[in-house]
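Residue numbers (this note's numbering), protein chains in the order written: chain A, 46 to 130; chain B, 51 to 474; chain C, 112 to 444; chain D, 1466 to 1804.
Derived from the structure by calculation, the hints contain no laboratory data.
The beta carbon of each residue, even a glycine, is placed where N, CA and C say it ideally should be.
Some hints could be false.
Derived, one-sided and incomplete: chain B residues facing chain C with beta-carbon distance under 8 Å [stated by the list, open to error]:
#	residue
1	Gln94
2	Gly96
3	Val207
4	Leu219
5	Ile222
6	Gly226
7	Asn228
8	Gly229
9	Lys234
10	Ala237
11	Arg374
Residues of chain A placed beyond 12 Å of chain B at every Cβ, according to the derived structure [stated by the list, open to error]:
#	residue
12	Met46
13	Lys49
14	Gln60
15	Arg78
16	Glu79
17	Leu83
18	Asn90
19	Val106
20	Ala119
21	Gln129
Taking CB as the label site, the calculated pair distances span [as the list claims (entries may be wrong)]:
#	chain 1	residue 1	chain 2	residue 2	range
22	B	Thr52	D	Asp1752	41 to 47 Å
23	C	Ser223	B	Val119	53 to 59 Å
24	B	Ala97	D	Asn1745	53 to 59 Å
25	B	Ile107	D	Gln1759	23 to 29 Å
26	B	Pro115	D	Ala1780	44 to 50 Å
27	B	Ile258	A	Lys102	47 to 53 Å
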Amino acid sequence: MNTKEIERLVIEAIQAVAPEIEQNDIDFDEDIREECDLDSMDFINYLAALQKSTGIKITEVDYPRFSTFHNALAFLKINIQTKQN
Amino acid sequence: MTKSIDITMPSLGADMTEGMLVEWLIKEGDKVQHGDVIAVLETQKGAIDMEVYHDGIITQLLLQPVNTVPVGTVLATIEVIAAAEDTEEQSLNKSKQQSSTTEKTVTEQITTEKIIDEPALLLADPLTEKPLTTTQQSHTQKVNISTNVDTVLASPVVRKIAKVQKLDLSVIKGSGPNGAVILKDIAQITQKAVLTEGGLLTNMRSAISAAMTKSKQEIPHFYLSLDVSINKAQQWLQQANHDKTPKEHILLIALLLKAVALTLIKYPRLNGFYRDDCFEQASEINIANVISLRTGGVVVPALRNVEQLSVPEIMHALRDMTRRSRAIESGERLRSSELMNATITITNMGERGADRVFGIIYPPQVAIIGFGKVNKVPQVCGDKIDIGEQLTVCLSADHRVVDGMLAAKFLNSLAKKLQKPEQL
Amino acid sequence: MSEHRNNSQKMTYREALRAGIEQCLNDDERTFLMGEDVGRYGGCYGVSKGLFEHYGAERIIDTPLCESGFVGVGIGAALGGMRPIVEVMTVNFSLLAMDQIVNSAATLRHMSGGQLNVPVVIRMACGAGLQLAAQHSHSWENLYAHIPGLKVLSPATHNDARYMLLQAIKDLDPVIIFEHVMLLNNQGEVFSEPEADMEKALVRKQGRDITLLTYGGSLPKVLMAAAELEALNINVEVVDLRCLRPLDTSTILASVKKTHRVIIIDEGWKTGSLAGELSAIIMEQAFWYLDAPVQRICTQEVPIPYPSHLEQAALPQVEKIISCAQRLFEGKQ
Amino acid sequence: MNDKLHLDKAHLLEQLKQMLRIRLFEEKCAELYTQEKIRGFLHLYIGEEAIAVGVMAALSPQDEIVATYREHGHALARGLSMKSVLAEMYGRTNGCSKGRGGSMHLFDKKQHFYGGNAIVGGGLPLAAGLALANKKLKKTAITVCFFGEGAVAEGEFHESMNLAVLWQLPVLFICENNRYAMGTALALSESEINIAKKAQSYGMTAVQVDGMNVVNVEAVTTKAVEHIRTHQQPYFLECKSYRFRGHSSFDGQLYRDKEEVEQWKKHGPVMQLKRWLIQNHQLNEKDLNVIESQIKQEIVEAINFAEQGLWEPVADLCKDVYSPSIQKINGKADQGGLA
């Protein structure tokens, strides 16, 4: 899975809880919850959707790593690569 | 022997209600014969001669030209030779009273004839040709209606809303004919759906404003709040969520809901409805949650029998309900059971909300609890000051049902329950 | 719309009709009025009184009692380039002229491949209420509204009585205008211009709970019922059809979609009535907005009897409208 | 007076009584209308009495009558009781049409009186039809159809004339030419004002008669009836007459001047016979007063009868719309349309 595909999965996960959000609406380095107006319930549903689509196990200790779009991208890239090889 | 008779404004046409006296052709004291023209009247058909129907002497001209008066107004009087005319006059006057009596029976006939529903008027019992009594007719109507018992009777607009909002109509008692479900039966459940061209737009704004206005106008609200330390609750959550996936993650709100549910068992007066000027205790504890929608407006689905659910079950139900509520635009739906008979409401704006939230009660409920956002505050433990987490619990209650003392006891009992999260 | 509301005049419905005829005669020298006793006698209902003396025998033409004959002549004259106004004394006699109206006036344009036009206006008094018994009390707007090629108007208000004729006479196709006898004597308001095009229905009273659909002579009764229902806080909307063919379905359906409940008040007999046609249209095009079956209040299916109490019992009445509206509103219907 | 008729004094007195009876009845109706006892339209027969009385005297009981909305005279002359006629105008159930028809729609099957008709010319085809039935059923009865000269302009007049001759129907057409069709004088509505000539053009025997002279009318009608019974052919009588009052109660009579009315009144039907009988010592003032008071008594009783009549209950509104057999078959009262 290359970076483009991972990015798309993240966007889809966001749209699962915030249907009207598009990729160019988001500043990749700002707090994702502010950018997409997600409350704690939305944030959990967003992470649950990501776990389902990427197959990567995400536990409570990893939550801070999803504070911004880029951080989420980085975390997923590392875990997907380690899983593949 | 002579007799005086009134000469009145004649009715000359089917739709003539008044006439204009233009000219008298006789004067008082003139002798006249049956058929003589005594005056000229003006009508929409032009000038018409007015005849006298008796032989006699004109005694008085009561109305002077030019004057428009209703039909029947006395214009003049005539003295007639009673003898020959007598039998006829008397019978005419006698018949006048009689006709007035028969007239009365006519109006009586119409009023006593209660305005029977049109079909009943015509439905005649074939054998006797007497109109069927209303019971007989309703019997015949019921017979053929009840045959198709399986389908739920509902008006087309209700069926459309139910289809779009996936409402289960069999659960709803219809107040329409033969128990059919009609708009007003589902009005409380859904925001009054206004079907516009090309599909359903839930008319949130008008529904919310209608409920809020009714509440503010009718319910005498009073407000209490209590700051509650939630250190213990947060610690419990941390342990519970340790290396749990997002699906199993539990948020503080689930704990708060369970605590409220258990406290309501001790203080049932806050959990019920105020209808027809009296309080009606609810038999279940169904807690409605105010969920704000991305495009503005709110939906208030309810969790049923919260006191019987575990905290993880509450969290799971809440997460799913919030996801569906916020994705209504893309086809998600709420179940009708979720939108029915909530017994109390919670409003919680979470970490980006306000410190204190004094809500407006959703009629016919009698209370609403608002949870402020969690704040780090200095707390006094013994004689030391410590940093702890706290939130303010606000209660709006209906003074017709609840008094201040009871409300305060409820809040304190709730606070105590939150200090032992493991027992929730 | 509001600016012409203020300079209005008060007159009877009969006077409004007469003013309309006079304006047509003045505006177009091709126009003439023809009918039984319209000239010297001044019109059976006094509508054309005084016109003969003013316009003379050439333009106000008394006809013998030969309805099929003179209506056919009127149609022929329109075919030949005139703009006649033919007065059939009452709709009751118009049956004798039905063949000319249907097989000539309504059909010629289409049957001639669009070559011929029949710009004739045929006016008829109609309706019951004067105890004239069965042969003189008919309401057959529905018979004429059934015929493709005809336009059918029913002026219920004084303003419509004043201006509809002007709009109709300019139409290139045959127009039938029904004037209800019970309106003739009523005083009413006439403004300085028509309120709408002749083919437009108008909402005479806004409301949101129930739509009352009606036309012609029934409008006053419906408005009376609406006022009394307001006191029972049932907020009804009154829609005056004004044009019975073609029907202004968009205005009708917009109201039905708002209120979800409909009562149609029609002085015709229920079977094959205009109310039946309207009910079908609503069922076909607004079915999913209905919260109750469409109700129809029509005249009982009986030749109108002479005695007043029976005639009134046969005709649609305010009380029937009110009780039907209440049952509908309470969901019992 | 016409010589052919056997001048029998009793018969002439009876004719006078019948005409006076109609005259006084109609005048009372005018009065009752102004008091709103009678409603709707009212068309009076004053001035034309000689035609109804003359014609009816020449008919037999089983002959059939079709009349118009100006029918009170025909009904009384034919034998409908004054009580049932007046009660009908009061709209009461003891009226001859159970109160449902009113002045323009009097019916009486026993007297074979097939009613008035408010549609001008509407009765002509009906009369031809009744005659066709009698012919087919080989009955000796003939049908008599009364109408005014206004009806002559209607298509149905011409259609009925043709069919009557074409099919040789035993029908007697009586045109009461009172010179005005509502507000239009005959000359303003007919190219050919000799109406008998119109009937002749269809090959029908047609005669003109002075409608103001009851003896002439009776004589001519007797001849016509014999002709029809023997030859089974239609026959046409144009009775020249005049109505002394407006077309209906609500008529400014702008179409004729008062002087003309006064002229005709001078030799009205009642006046003529009365003058002749008195000059020939067949009648004196006393006899006349007796006759008039008897008639006035009959009118008083008719008024009482009508006043006491009941209104039909609203529940019976739709009764008789269809004959009972049909209503029974479809098991419910009809809501319109044949089952």
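How the hints compare with the structure:
Taking 8 Å as the C-beta contact cut-off toward chain C, the hint placing glutamine 94 (chain B) at the interface holds, the least distance being around 4 Å. Interface hint at glycine 96 (chain B): satisfied, since its Cβ lies 7 Å from the closest Cβ of chain C, which is below the 8 Å cut-off. Taking 8 Å as the C-beta contact cut-off toward chain C, the hint placing valine 207 (chain B) at the interface holds, the least distance being around 5 Å. Interface restraint check: leucine 219 (chain B) against chain C, minimum CB-CB distance 14 Å, threshold 8 Å, status violated.
Of the supplied interface hints, the one on isoleucine 222 (chain B) is violated, with its beta-carbon coming no nearer than about 13 Å to a beta-carbon of chain C, more than 8 Å. The restraint placing glycine 226 (chain B) at the interface with chain C holds, with a minimum CB-CB distance near 4 Å, inside the 8 Å limit. Residue-level restraint check for asparagine 228 (chain B) is violated (minimum Cβ-Cβ distance to chain C is 10 Å; threshold 8 Å). For glycine 229 (chain B), the interface hint is violated, the least distance from its beta-carbon to any beta-carbon of chain C being 11 Å, above 8 Å.
Interface restraint check: lysine 234 (chain B) against chain C, minimum CB-CB distance 7 Å, threshold 8 Å, status holds. A least Cβ separation of about 11 Å between alanine 237 (chain B) and chain C goes past the 8 Å threshold, and the interface hint is therefore violated. Evaluation of the arginine 374 (chain B) hint against chain C yields a violated restraint, the C-beta minimum of about 25 Å exceeding 8 Å. At the 12 Å boundary, the C-beta of methionine 46 (chain A) stays outside the reach of chain B, the nearest C-beta of that chain being 20 Å off.
Even its closest Cβ contact with chain B, about 24 Å, leaves lysine 49 (chain A) beyond 12 Å, as expected for a residue assigned away from the interface. Taking the minimum C-beta to C-beta distance to chain B, about 9 Å, the non-interface status of glutamine 60 (chain A) is violated against the 12 Å cut. Its closest Cβ contact with chain B, about 8 Å, brings arginine 78 (chain A) to no more than 12 Å, contrary to its assignment away from the interface. Chain B draws glutamate 79 (chain A) into its interface by the beta-carbon criterion, the shortest separation being 9 Å against a cut-off of 12 Å.
Non-interface status of leucine 83 (chain A) relative to chain B is broken: a Cβ of that chain comes within 12 Å, the nearest being about 10 Å off. With a minimum CB-CB distance of about 5 Å to chain B, asparagine 90 (chain A) fails to clear the 12 Å threshold, and the non-interface call is violated. Annotated as non-interface, valine 106 (chain A) brings its C-beta within 12 Å of a C-beta of chain B; the closest such distance is 7 Å. For alanine 119 (chain A), the condition that its CB be more than 12 Å from all CB atoms of chain B holds, with the nearest at approximately 19 Å.
Every CB of chain B is more than 12 Å from the CB of glutamine 129 (chain A) (nearest about 21 Å), matching its label as outside the interface. One distance hint, 41 to 47 Å for the beta-carbon pair threonine 52 (chain B) and aspartate 1752 (chain D), is violated here, with the actual separation near 27 Å. At roughly 57 Å, the beta-carbon separation of serine 223 (chain C) and valine 119 (chain B) lies within the given 53 to 59 Å, and the hint holds. The given range of 53 to 59 Å is broken by alanine 97 (chain B) and asparagine 1745 (chain D), whose C-beta atoms sit roughly 42 Å from each other.
Between isoleucine 107 (chain B) and glutamine 1759 (chain D) the Cβ separation comes to about 27 Å, which falls inside the hinted range of 23 to 29 Å. The hinted window of 44 to 50 Å between proline 115 (chain B) and alanine 1780 (chain D) holds, with their beta carbons roughly 48 Å apart. Taking the beta carbon of each, isoleucine 258 (chain B) and lysine 102 (chain A) are about 41 Å apart, not inside 47 to 53 Å as hinted.
The structure is inconsistent with the numbered hints 4, 5, 7, 8, 10, 11, 14, 15, 16, 17, 18, 19, 22, 24 and 27, although it conforms to all the rest.
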